[in-house]
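S.K.: Based on the provided sequences and hints, a complete structural model is requested.
Number of protein chains: 2
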Amino acid sequence: MMTSSPRETILQLFRETTTGFVSGVRISEVLGVSRTAVWKQITSLRELGYQIEAVPSRGYRLVGSPDVLLAEEIRSGLDTRIIGEDIRFLTVTDSTNLQASALADAGAAEGLVVVADRQTAGKGRLGRSWVSPAAVNLYLSVVLRPAVLPVEAPQLTFLSAVAVCRAITEVSGLQPTVKWPNDILLNGRKTAGLLNEMSSETDRVNYVVLGIGVNLNMTAEQFPTLLRYPATSLAIELGRQVSRVEFTRSLLKQIDTLYDEYLRSGPRPVLAAWEEHCDLTGKSIVVDCQSRLIKGIMAGLDDDGALLVKTPSGTFEKVLTGDVRPVEQGM
Amino acid sequence: MMTSSPRETILQLFRETTTGFVSGVRISEVLGVSRTAVWKQITSLRELGYQIEAVPSRGYRLVGSPDVLLAEEIRSGLDTRIIGEDIRFLTVTDSTNLQASALADAGAAEGLVVVADRQTAGKGRLGRSWVSPAAVNLYLSVVLRPAVLPVEAPQLTFLSAVAVCRAITEVSGLQPTVKWPNDILLNGRKTAGLLNEMSSETDRVNYVVLGIGVNLNMTAEQFPTLLRYPATSLAIELGRQVSRVEFTRSLLKQIDTLYDEYLRSGPRPVLAAWEEHCDLTGKSIVVDCQSRLIKGIMAGLDDDGALLVKTPSGTFEKVLTGDVRPVEQGM
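For the record, the sequence lines run as chains D and E.
Residues 33 to 363 in my numbering are what the first sequence lists, from first letter to last.
Residues 33 to 363 in my numbering are what the second sequence lists, from first letter to last.
Worth double-checking, as some hints may not be accurate.
Pairs involving identical chains hold if they fit within one copy or between any two copies, as the list cannot separate such chains.
[Stated by the list, open to error] Dumping the calculated DMTMM-like pairs for lysine to aspartate or glutamate here, alpha-carbon to alpha-carbon at most 20 Å:
id, residue 1, residue 2
1, Lys350, Asp336
2, Lys350, Asp334
3, Lys342, Glu61
4, Lys222, Glu308
5, Lys315, Glu40
6, Lys350, Glu184
7, Lys72, Glu349
Don't read these hints as lab results, they were simulated from the structure.
M.R.: Below is the structure:
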């Protein structure tokens with residue numbers, strides 16, 4: 033269900049005006065509220081970073097927009113079929129995955145997007161945390177309800193990964209690589225992470241939440257000194273900032289396109305696209321599975337998204353969880 | 033965390049008394065409440081079906097207990113390690129699985145039990161409903177947090193099934209059989225159903241809810257006329273009622289024992305016990321997988337709980353979802 037907030041309506045009026053100005057009377061009529069209430073909405077937009085001039089007898093004029101992930105900004109010009117009809121923007125939240133899961137439990141439709149400016153408890157894989165400062169990055173979750181078996185749902189992690197890679201290239205021209213199971217790298221350094229969560233019965237998926245965190249405009253100084261892996265952001269690699277709104281719109285469009293293909297053609301096109309983004313395919317790797325190390329050639333993904341490793345004896349090992357690294361020179 | 037309600041404390045005082053009587057003054061002191069508040073608690077116990085006499089100058093005497101699934105009744109004499117330290121009894125709820133999932137989302141510890149006298153939206157497999165009238169049956173959910181991979185979690189459906197079978201035999205002497213994936217039958221008619229639900233990441237289980245519905249004292253007249261399968265209850269098969277509290281205590285004890293074994297020894301003992309309860313093992317079956325029919329010999333369960341069917345060509349088919357029926361004479 034499409035929600036249209038007063039803020040969204042005002043921004044829409046600014047977009048539609050031909051004179052540049054929208055009068056307070058007009059806004060008051062369209063919203064059906066008092067002039068005082070209009071003034072309060074203008075103030076709240078200014079607090080979000082919108083530069084709005086008030087010119088006596090002509091009205092309000094929008095002279096500058098911030099890069100804020102408001103639903104109304106993301107949706108403006110967003111051309112998708114399933115993803116993002118309903119977008120919830122939160123200035124601050126514990127974790128967009130937690131919020132999206134709660135909304136899905138309450139019956140939210142497929143395609144719901146939750147996006148936050150800042151997370152206080154951003155989640156990474158296996159209970160790790162995800163550094164989530166305000167105003168610089170993207171923290172986003174999407175609710176899907178695919179008619180697949182629970183064992184097939186991990187395929188969707190690779191769908192998220194390919195969507196993030198394509199959005200990065202579209203917005204920045206950079207060429208990211210992927211690392212099994214859920215990392216996206218630029219020049220070998222972690223730029224985005226994925227955390228898909230699922231609610232399921234034994235033979236039915238209730239819903240999947242695609243959780244996506246992308247370091248967009250974070251500076252080197254904003255990273256904690258102790259990280260498990262070297263990390264970077266699009267801005268660090270590019271030497272300039274990127275538009276968060278533009279990136280988000282691109283990402284949602286990519287997810288929409290890939291998900292449509294996934295539903296029509298099954299997982300193979302998505303898995304093949306992921307394998308193309310993986311620079312270790314065909315290379316010697318070591319997989320650390322906690323209880324044991326597996327060495328071999330990375331052969332790609334099986335249909336459920338498990339990692340296939342060809343061992344020296346010629347057999348294939350199917351890996352469901354673990355950390356992958358290339359075999360270093362001399363190992 | 034153990035919760036002790038005023039009701040539970042009063043029932044405990046009745047159990048501990050040697051004279052048969054507990055004075056209002058004593059209850060008032062132990063609970064730290066007024067005599068009026070004590071009287072209200074006694075009234076609430078009477079409304080639940082407890083027969084309590086009040087004898088002037090001697091106090092209260094418990095002369096009869098109802099078969100109500102109060103946490104305090106179930107816990108009395110319950111000797112478990114993990115399951116049932118925290119039991120929540122609800123007179124009526126939508127679905128114990130929904131309530132248990134919500135509590136697990138909020139951080140409930142492993143072993144939490146939610147039990148209801150009646151469900152308004154009892155859930156069966158694949159979105160089917162589970163008939164859940166008041167006062168006669170058992171509707172119960174258990175929260176587990178096993179350190180297994182999501183693909184392994186379906187094993188726990190078979191753990192529930194074996195626990196229900198053992199509790200039925202312990203309480204009634206009847207010998208139930210199981211039907212893949214989640215039914216328990218008496219004389220070929222459905223007596224209990226299981227609906228396990230899971231919250232997971234790609235390579236980690238957040239929690240599993242074991243959902244268990246058992247027809248205990250339901251009469252033939254209480255079944256809807258249109259059911260997918262012929263159904264029965266313990267009382268119909270036995271010709272007498274069974275104690276719901278006793279059955280529940282037995283079930284929780286069986287789950288506790290099996291889960292402990294599962295964590296120590298892996299799934300094989302549980303899967304083998306299930307195969308022993310399955311009267312179709314080694315027989316000719318047809319599996320209706322919606323898109324196709326598979327015919328062959330039921331060979332048992334693979335380690336993840338999938339059904340293994342040996343086809344006429346000698347190969348094994350692994351079935352993740354479907355409905356099983358025996359091949360009838362002459363097919």
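S.K.: Are the hints correct? Go through all of them and say.
M.R.: Hints and how they fare:
1. In this assembly of identical chains, the alpha carbons of lysine 350 and aspartate 336 lie at most 20 Å apart whether taken from the same copy (10 Å) or from different copies (15 Å).
2. Proximity of lysine 350 and aspartate 334 under a CA criterion of 20 Å is satisfied in both settings, with 8 Å inside one chain copy and 16 Å between copies.
3. For the identical chains of this complex, lysine 342 and glutamate 61 are neighbours neither inside a copy (68 Å) nor across copies (72 Å), given an alpha-carbon limit of 20 Å.
4. Proximity of lysine 222 and glutamate 308 under a CA criterion of 20 Å is satisfied intra-copy only: 18 Å inside one chain copy versus 50 Å between copies.
5. Neither within a single protomer nor between protomers do lysine 315 and glutamate 40 lie at most 20 Å apart by alpha-carbon distance, with minima of 50 Å and 64 Å respectively.
6. Taking the closest pair of Cα atoms, lysine 350 and glutamate 184 come within 20 Å of each other both inside a single copy (15 Å) and across two copies (15 Å).
7. Taking the shortest Cα distances, lysine 72 and glutamate 349 never come within 20 Å of each other, neither inside one copy (62 Å) nor across copies (66 Å).
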